[in-house]
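So the sequences go chain by chain: C and V. Note that my numbering gives residue 40 to position 40 of the first sequence, counting from 1, and the numbers run on in steps of one. Note that my numbering gives residue 97 to position 97 of the second sequence, counting from 1, and the numbers run on in steps of one.
In short, the hints are calculated from the structure, not lab data. It is possible that part of the hints are untrue.
A short, non-exhaustive set of chain V residues, derived as facing chain C with CB atoms under 7 angstroms [to be verified]:
1) 43
2) 49
3) 98
4) 99
5) 103
6) 107
From a predicted model like this one, the values you see are computed outputs, not experimental measurements. Glycine included, each C-beta is placed from N, C-alpha and C at the ideal position.
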Amino acid sequence: EAGVAQSPRYKIIEKRQSVAFWCNPISGHATLYWYQQILGQGPKLLIQFQNNGVVDDSQLPKDRFSAERLKGVDSTLKIQPAKLEDSAVYLCASSFYKRADEQFFGPGTRLTVL
Amino acid sequence: AQSVTQLDSQVPVFEEAPVELRCNYSSSVSVYLFWYVQYPNQGLQLLLKYLSGSTLVKGINGFEAEFNKSQTSFHLRKPSVHISDTAEYFCAVTFGSYQLTFGKGTKLSVIP
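Model the full structure from these sequences, guided by the hints.
Here it is, written out as structure tokens:
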């Protein structure tokens with residue numbers, strides 16, 4: 001079974017530029033999560049989708065971050081404009097249903113904002 | 001307030017020695033508990049989980065953890081570590097919901 005795919009793996013941008021990350025979850029998984037992992041900290045949930053609807057985006061900085069999952073499969077997370085403090089690893093995870101014990105994580109995208 | 005605390009940010013240990021990584025949580029509701037491992041430049045991999053039943057949980061790679069409700073702890077143990085266990089370990093908790101709250105992580109360094 002293929003795992004969660006993410007691209008790109010690494011991205012370096014200047015502050016105030018925009019960037020987008022892509023995630024392809026495990027086939028058949030209805031729930032998709034985006035986490036932000038800042039160096040020295042544990043992952044923090046940014047947004048959770050159930051199919052193509054948002055379940056929880058309470059910790060998403062909506063003035064600069066946006067995410068979509070239009071067809072209930074792939075998802076894109078965008079930052080516009082980026083700030084220095086957005087430097088982090090962005091992890092995507094998926095699960096068959098909204099169960100914490102069955103989340104599978106992708107390799108992440110490491111973002112560096114200069 | 002609900003929180004997860006990993007008491008040690010870094011733990012060095014010699015190869016074949018035992019190790020314990022500590023995790024405490026603060027909660028007034030029932031919890032599910034998890035340990036994840038993250039190897040360099042990789043995503044998180046589930047090591048083990050406690051949902052209910054026996055408080056001693058066995059996971060992959062020879063790791064085990066014990067849920068102690070009175071001490072609100074879920075410490076991870078391995079009787080004999082290998083070089084390949086060098087990684088970062090995260091404790092995670094659900095506080096009455098299905099969403100994970102992670103600790104800050106413990107970096108385990110196994111010394112040859």
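Index of numbered hints that the structure contradicts, given in increasing order: 6
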